[in-house]
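S.K.: Please arrange chain B on chain A, whose structure you already have, making use of the hints.
Protein chains: 2
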Amino acid sequence: MSDLPNSQDVLDAARRLHGHVLRTPVLRNDALDELAGAKLWFKCENLQITGSFKIRGATNRLLQLPADARGKGVVAFSSGNHAQGVARAARNFQMPALIVMPSDAPAIKVEGVCGDGAEIRLYDRTSESREEIAAEETRKRDATLVPSFDDPYIIAGQGSAGVEFGQQMRDANTPLDHIICCAGGGGLITGLALGYREFDPDIKVWTAEPEEHDDWRRSLASGEIRENAPGTRSICDAILTPAPGDLTWALGRELLEGGCAGSDADIEEAMRLAFRHLKLVLEPGGAAALACALFDLPEAAKGKAVGVVLSGGNVDPAQYARIIGV
Amino acid sequence: MSDLPNSQDVLDAARRLHGHVLRTPVLRNDALDELAGAKLWFKCENLQITGSFKIRGATNRLLQLPADARGKGVVAFSSGNHAQGVARAARNFQMPALIVMPSDAPAIKVEGVCGDGAEIRLYDRTSESREEIAAEETRKRDATLVPSFDDPYIIAGQGSAGVEFGQQMRDANTPLDHIICCAGGGGLITGLALGYREFDPDIKVWTAEPEEHDDWRRSLASGEIRENAPGTRSICDAILTPAPGDLTWALGRELLEGGCAGSDADIEEAMRLAFRHLKLVLEPGGAAALACALFDLPEAAKGKAVGVVLSGGNVDPAQYARIIGV
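Protein chains in written order, with our numbering: chain A, 8 to 333; chain B, 8 to 333.
Hints listed in this document are in silico derivations from the structure and should not be mistaken for laboratory results. Check before you lean on any hint, since a few could be wrong.
It does not matter which identical chain is meant; a pair holds if it fits inside one copy or across any two.
What the hints assert, rightly or not - Subject to a maximum C-alpha distance of 20 Å in a straight line, what follows is the list of computed SDA-like cross-link-like pairs (lysine to any residue):
(1) Lys46 - His27
(2) Lys46 - Asn99
(3) Lys46 - Lys311
(4) Lys46 - Gly122
(5) Lys46 - Leu29
(6) Lys46 - Gly26
So here's chain A without its partners, still in its complex pose (with noise of 0.2 Å):
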């Protein structure tokens, strides 16, 4: 594969990951269509294997690994779900695992890790980098250090989803006008672009951020990258990234229709009407692009058919009654 993954490798990625990751089912609800005035169908990547679609991208990098290194395995650094894929992957490959994680990451994603049998290694948000501690782990090791996004496996892997919901909807017979999907580091999203293109050349993919940490939409408006302001917040933990990565940003300045984003406010709206009419638990990050649907919807995708990508559901569960019990 070259640097820059293309429509064909997403395609490889989704064969080579048939069985080990699950085909997440596509819902849809009336009154969530009559709040959003458009037809909506959601891809469930919350009902993924460890609650988030990152175990695709996961998977696919570590099937890349020749013998030799699998044995002497992989590091990787992420507040949660990335952790979570890969701790998860590695176990299915029988593989060691060192996770780098936030000493404020959700606990119910330190769970999840430790569960899976990884080593986990916290630090502090302020005073160390993580990158360095990975650097460092993984010069120990001689293991692999696994990217959260800005890799062409872990690309190709996450666009497995788009593979997947492009064969879904194709099979119903009702093909999608847009796609609406959050974007962090923009891995899912640029994959998934690809791999949907496959099926239909003319969809358009839109981002889904919070307000406050729109990287990609300014980004998209103004044609090159920017960055987040330092010190935003949001409760979108999974999210959360400083600008688009270099990959990512080569394909989604050119796969990608603009930006749209939602308040904490309207995420969290978006996480109760998710209980409320889907049955689905939602974390704040997995429900950005259910916001943006409902609540900053493109003019352009008004009636139309719009994919919304429900990418985790991993919250806490005191955070979740929070949110939930108001």
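M.R.: Then chain B, alone, in the frame of chain A:
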């Protein structure tokens, strides 16, 4: 259809309902398998339209009405899920509907019925008879009463979930040995057993109930209908009926293997585990089968492939927050 539906009636219902109800997904999860000591396959009827399987039977029943009866509408009494199923099915067929609901029904269920445009008549559980109110309203309107379980078309309609489950497990080439399914009136479990038998005549089907409300378990053990002691309570509002119905018992005594039960504490724990591992919202009654699979699995099912019917997800947010947030 004669009074007692047979497997062919259930197959017919499944064909008839195609396009009217969702083909709900089947999921599985390693962590829950480990806890149960069996391989569990979850049939997710909480993801069904209206958040429970009840739309299946209601739609199948309404499809039987002659043209002149349709305009006069339907009447039903129910604490919630049947109410929503009938209200939505009636709306889909542009029929008026009156639903008789207890004044202490979960607000989310009252709202669901309201949202579908049905008229609601609240009654006081302690001083009024819902049967009398419904009979009186049915007479006044010259409408059709839609019973909640003891009706051959209702049973056959609910059973369409069993036909789907059978097809899905056959397509995945993973036959089940056992199925655990909640039993209130018994419409779902008896219809489902009839439907699944078309795919495997040796399937063993077990009832799941709250511990203090185990009329089916005791009836199956003794060979004759046993009632619950008056005044027994449980958080499982959806599956509290005084005793098996006449038709459902006539079917169930032949089709069902025996009964399992879980305490309210077990059922709350099952709701928490579904939140954590499946990212699914279950109501108490909808989690009864999962609680039984995890905490009261029949000896014969240990280590086997066990289907678990997750029957509904209509739970008030405040109650859910209380249960999840501990």
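S.K.: What hint numbers does the structure not satisfy?
M.R.: none
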